[in-house]
Amino acid sequence: MNKLNTRQLETVAKAYDTLLVPVLCEKWAYRLADVASIQKGQRILDVACGTGILARVIAERVGSEGLVWGMDANPSMLAVANRIAPDIEWHEGSAEALSYENDSFDAVHCQFGLMFFSSPKAALQEMMRVLKPGGHLAVAVFGPLDDIPAYAAIADVYERLVDKSVGDALRMPFSMGDTDMLASTFANAGVHSAKITTEKEAACFSSVRNMVLSDVKGWFPFAEIHLGEDKIEAVTEEAKTALQAFQTPDGAVEFQVPVHIVQAIKP
Numbered sequence: 001m002n003k004l005n006t007r008q009l010e011t012v013a014k015a016y017d018t019l020l021v022p023v024l025c026e027k028w029a030y031r032l033a034d035v036a037s038i039q040k041g042q043r044i045l046d047v048a049c050g051t052g053i054l055a056r057v058i059a060e061r062v063g064s065e066g067l068v069w070g071m072d073a074n075p076s077m078l079a080v081a082n083r084i085a086p087d088i089e090w091h092e093g094s095a096e097a098l099s100y101e102n103d104s105f106d107a108v109h110c111q112f113g114l115m116f117f118s119s120p121k122a123a124l125q126e127m128m129r130v131l132k133p134g135g136h137l138a139v140a141v142f143g144p145l146d147d148i149p150a151y152a153a154i155a156d157v158y159e160r161l162v163d164k165s166v167g168d169a170l171r172m173p174f175s176m177g178d179t180d181m182l183a184s185t186f187a188n189a190g191v192h193s194a195k196i197t198t199e200k201e202a203a204c205f206s207s208v209r210n211m212v213l214s215d216v217k218g219w220f221p222f223a224e225i226h227l228g229e230d231k232i233e234a235v236t237e238e239a240k241t242a243l244q245a246f247q248t249p250d251g252a253v254e255f256q257v258p259v260h261i262v263q264a265i266k267p
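Each residue of the sequence shown is one higher than the one before, starting from 1 at the first, in UniProt numbering.
Just so you know, these hints were derived from the structure itself, not from any lab.
These numbers come from a predicted model, not from an experiment.
Cβ atoms here follow ideal geometry from the backbone N, Cα and C, with glycine treated the same way.
There could be a bad hint or two in this list.
Unchecked claim - With a straight-line Cα cutoff of 27 Å, these simulated BS3-like cross-link-like pairs (lysine-lysine) come out:
hint, residue 1, residue 2
1, Lys121, Lys240
2, Lys164, Lys27
3, Lys132, Lys200
4, Lys3, Lys195
5, Lys40, Lys195
6, Lys3, Lys231
7, Lys195, Lys132
8, Lys40, Lys132
9, Lys132, Lys266
10, Lys231, Lys27
11, Lys3, Lys217
12, Lys231, Lys200
13, Lys14, Lys217
14, Lys195, Lys266
15, Lys27, Lys3
16, Lys266, Lys14
17, Lys266, Lys164
18, Lys195, Lys217
19, Lys27, Lys240
20, Lys14, Lys3
21, Lys266, Lys40
22, Lys195, Lys121
23, Lys121, Lys132
24, Lys14, Lys240
25, Lys164, Lys231
26, Lys14, Lys27
27, Lys27, Lys195
28, Lys121, Lys217
29, Lys217, Lys231
30, Lys40, Lys27
Stated by the list, open to error - Pairwise CB distance ranges (calculated):
hint, residue 1, residue 2, range
31, Asn188, Ala252, 38 to 46 Å
32, Ser206, Thr11, 35 to 43 Å
33, Lys121, Ile232, 35 to 43 Å
34, Leu161, Gln125, 24 to 32 Å
35, Ala202, Asp146, 31 to 39 Å
36, Glu159, Gln256, 20 to 28 Å
Take these sequences, add in the hints, and give me the full structure.
The following block contains the structure:
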């Protein structure tokens, strides 16, 4: 399968920012900023920043006296982030090998990125390394798919109508939802002070089709998954039945999304 060129990848990143961020990320960016008690003048790192919603929220909190860095492995995401907020420092890099000095930041945040890293353990060790003593780590991951039946249902639709690999791709973001496994991941990385809390927030897509497009246009192409219009229509029609329990009278799709927020303080 041909890989997308730079312009096409930036189009995917724009779709991600338009279709997925307002529904699944924006509210949690404010929650994550709140739990870390960010203060004016601090230096903050946002790991796996995507198109930058959390970094932008943090920048509002630290003010002109502070500094915010957004780091992501995806240059297309960073290109979109930079166009939206050029005053923030955007860096391309790996979470497993952060290019920052020891004890550099007052806080390190990571929103919905941990489950995609090749080594969550190494990434957590790196986040703790670059934190100052007394610095705050705050990481958010989605709860288990069993607790988000709307996504479980649509993942099954992709598996039936397209391929099991596509269904599994949609299940991947929810793969760290088990709190025992999550706690073990932090402990194995040497983060023994981690505290896990779980909160819920409503997610609402304006239509079944927009929920389908949020994945088909907003991140499947990054995984080299490309669906033609005929397949998109077939998935959408099947999803209308599968998601019937979550549809509102005006055709929107609304459901609760649990999120685990893990916090730790560097000794």
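Okay, the hints, checked on the actual structure:
Annotation: proposed proximity of Lys121 to Lys240 is violated, straight-line Cα distance about 39 Å (limit 27 Å). Taking the CA atoms of Lys164 and Lys27, the gap is near 31 Å; set against the 27 Å cutoff, the hint is violated. Pair hint Lys132 plus Lys200 does not hold up; C-alpha atoms about 30 Å apart against a cutoff of 27 Å. With a C-alpha separation of about 41 Å, the suggested pairing of Lys3 with Lys195 is violated against the 27 Å cut-off.
A distance of roughly 25 Å separates the Cα atoms of Lys40 and Lys195; the hinted pair therefore holds under the 27 Å criterion. Annotation: proposed proximity of Lys3 to Lys231 holds, straight-line Cα distance about 20 Å (limit 27 Å). A hinted pair counts as satisfied when its Cα atoms are at most 27 Å apart, and Lys195 with Lys132 qualifies at roughly 19 Å. Restraint check for Lys40 and Lys132: the C-alpha separation of about 16 Å stays at or below 27 Å, so the hint holds.
Proposed proximity of Lys132 and Lys266 is supported: the alpha carbons are some 7 Å apart, at most 27 Å. Distance restraint check for Lys231 and Lys27: the Cα-Cα separation of roughly 31 Å exceeds the 27 Å cut-off, and the hinted pair is therefore not satisfied. About 15 Å separates the Cα atoms of Lys3 and Lys217, which keeps this hinted pair within 27 Å; it holds. The straight-line distance between the Cα atoms of Lys231 and Lys200 is roughly 32 Å, outside the 27 Å bound, and the hint therefore fails.
For the hint linking Lys14 to Lys217, the alpha-carbon distance of about 9 Å falls within 27 Å, and the restraint holds. The suggested pairing of Lys195 with Lys266 holds, with an alpha-carbon distance near 13 Å, which does not exceed 27 Å. Taking the CA atoms of Lys27 and Lys3, the gap is about 33 Å. The hint is violated against a cut of 27 Å. Between Lys266 and Lys14, the direct Cα distance comes to roughly 35 Å. Violation of the 27 Å bound is thereby established for this hinted pair.
In summary, the hint linking Lys266 to Lys164 is not supported, as the alpha carbons are separated by about 41 Å, beyond the 27 Å threshold. Pair hint Lys195 plus Lys217 does not hold up; C-alpha atoms about 35 Å apart against a cutoff of 27 Å. Distance restraint check for Lys27 and Lys240: the Cα-Cα separation of roughly 26 Å lies within the 27 Å cut-off, and the hinted pair is therefore satisfied. The straight-line distance between the Cα atoms of Lys14 and Lys3 is roughly 18 Å, inside the 27 Å bound, and the hint therefore holds.
This hinted pair checks out: Lys266 and Lys40 have alpha carbons roughly 20 Å apart, not beyond 27 Å. Pair hint Lys195 plus Lys121 holds up; C-alpha atoms about 16 Å apart against a cutoff of 27 Å. Restraint check for Lys121 and Lys132: the C-alpha separation of about 19 Å stays at or below 27 Å, so the hint holds. Restraint check for Lys14 and Lys240: satisfied, since their Cα atoms lie roughly 25 Å apart, inside the 27 Å limit.
A threshold of 27 Å between alpha carbons decides the hint, and for Lys164 with Lys231 the separation of about 15 Å falls inside it, so the pair holds. With a C-alpha separation of about 19 Å, the suggested pair Lys14 and Lys27 falls inside the 27 Å cut-off, and the hint holds. This hinted pair checks out: Lys27 and Lys195 have alpha carbons roughly 21 Å apart, not beyond 27 Å. A distance of roughly 30 Å separates the Cα atoms of Lys121 and Lys217; the hinted pair therefore is violated under the 27 Å criterion.
Between Lys217 and Lys231, the direct Cα distance comes to roughly 13 Å. Compliance with the 27 Å bound is thereby established for this hinted pair. Taking the CA atoms of Lys40 and Lys27, the gap is about 21 Å. The hint holds against a cut of 27 Å. Our hint of 38 to 46 Å for Asn188 and Ala252 holds, since their Cβ atoms are close to 41 Å apart. At about 20 Å, the beta-carbon gap between Ser206 and Thr11 misses the expected band of 35 to 43 Å.
Take Lys121 and Ile232: their Cβ atoms lie about 37 Å apart, and the range 35 to 43 Å holds. Our hint of 24 to 32 Å for Leu161 and Gln125 is violated, since their Cβ atoms are close to 41 Å apart. Take Ala202 and Asp146: their Cβ atoms lie about 18 Å apart, and the range 31 to 39 Å is violated. Range check, Glu159 to Gln256: about 23 Å between beta-carbon atoms, so the 20 to 28 Å window is met.
When held up to the earlier numbered hints, the structure conflicts with 1, 2, 3, 4, 10, 12, 15, 16, 17, 18, 28, 32, 34 and 35 and fits the remainder.
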